[in-house]
Amino acid sequence: MNASTIIFYILAATIIGGGLMAVTSRKIFRSAVFLLFSLIGIAGLYFFLDYEFIAAVQIIVYVGGIVVLIIFSIFLTHGSGEDMKRPHLGRSVFSALAAAFGCILTMFIISQPKTFPKPHYPGIEPSAANIGAQMLSTTEHGYILPFEVVSMLLLAAMIGCIVIAIKIKVPPHAILPETGEDDEETEIKAPVDVVDEINEPGLMTN
Amino acid sequence: MYDIGLFHFLFVSCALFFIGVYGFLTRRNMITMLMSVELILNSVNINFIAFNKFLFPDKLDGLFFTIFIITIAAAEAAVAIAIIINLYRNYNTIDVEEANTMKY
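Those sequence lines, one after another, are chains H and R.
Sequential numbering of the first sequence, starting at 4, is according to this note's numbering.
Sequential numbering of the second sequence, starting at 4, is according to this note's numbering.
In case anyone wonders, no lab produced these hints; they're calculated from the structure.
Yeah, the Cβ is synthetic: ideal placement off N, Cα and C, and Gly gets one too.
Watch out, some of these pointers could steer you wrong.
[As the list claims (entries may be wrong)] In silico DMTMM-like cross-links for lysine to aspartate or glutamate, where the CA-CA straight-line distance does not exceed 25 Å:
1. K170(H) - D98(R)
2. K30(H) - D98(R)
3. K117(H) - D6(R)
4. K121(H) - D6(R)
5. K62(R) - D53(H)
6. K62(R) - E143(H)
7. K30(H) - E100(R)
8. K62(R) - E55(H)
9. K117(H) - D61(R)
10. K170(H) - E101(R)
11. K121(H) - E143(H)
12. K62(R) - E151(H)
13. K88(H) - E101(R)
14. K170(H) - E79(R)
15. K30(H) - E101(R)
16. K88(H) - E100(R)
17. K117(H) - D64(R)
18. K30(H) - E79(R)
19. K88(H) - D98(R)
20. K62(R) - E128(H)
21. K121(H) - D64(R)
[Stated by the list, open to error] Which chain R residues face chain H? A few, computed with CB under 7 Å, are given here:
22. A18
23. G26
24. T35
25. L58
26. L63
27. A78
28. I88
[Said to hold, decoys possible] Anything over 10 Å on all C-beta distances counts as not near chain R; from chain H, calculated:
29. T141
30. T142
31. E143
32. I171
33. K172
34. V173
So that you can see chain R by itself, here it is in the shape it has in the complex:
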């Protein structure tokens, strides 16, 4: 049916996942860390959709997991951005190294 098989999609999602992990480890800015988390969640979605398409085409379960992950990612991004803007309002920075009020 396709020349492109399941493994092509798994390689793409694997590369995207570790790109997100690299961004999450190197960035110290809260907005860019949030963007890395979005990349990681999207790579998981590609995996779910590819497995559903190539291994279980008679079911829709992977598709429902993808829908719920997208929903929860939207809620998470909204709450995270509210926290970031409130932090910026109070401390005038969104760098995770400088937001250490609750550390000690």
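Looking at chain H on its own, in the form it has when it is part of the complex:
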């Protein structure tokens, strides 16, 4: 039992304990904070394996981006300090049984003796220079095509977020030809509301 073993077990306890508390806590903000601990533990595991670049990306994207986004959305959609509804007893029992059986089966399969191919040493240093050179190379083992596809995906996701979350102010005469003599509805918040008002028969008759 040397220092690296102790560090590994501390990291593993952080990850699994944080994950367990994140899925079982009934206060949603605490659940997000435990998810944060779990993700930081995973970044520590990457540092433990000497993959510093991936660890930095994990901290920047997950801890700095996704968890902050989740906390923002919790603040926008929940009152502070409310408990979430307790899940149905039958559903939680059967989910726990399914997860436990799957976990035991997978761990049993992992623990069977098996042979892996011998690793070739010396390995490549996983530095940012090597990663960038291989990711942007156009030769046989380069990753330039997935890189470009992912850039298009990010662009599409960004435009999609804006389109979903935007509030459009549409004057009703631009959509409806003539609604009658009363012009009370001058502002409609989103296209969904416009569709609702078209489908509503009361607006067309008066």
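Let chain H serve as the given structure and place chain R on it in line with the hints.
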């Protein structure tokens, strides 16, 4: 080189994956379901990194898969949260049991 081998990492990622599956099956709140999905994706990333480190140290392929999974998870979380906030704005709830307008 290490006392900690490949199998330690596989056990950690297996436990984390099934914790995420349990959360995804029990939670009925969209934000917590999204958090469970993030746990599942992270366990997959641990697997990729551990296999790359212990079996193929002369290649960087597992590391690229991890980078792309992190990127796509970020895009997915952003779109999911935009949908959740729009749903909350229109229906005033983010419970998946109550969001049944398109069901019938």
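Of the hints given before, which are not true for this structure?
Of the numbered hints, all hold.
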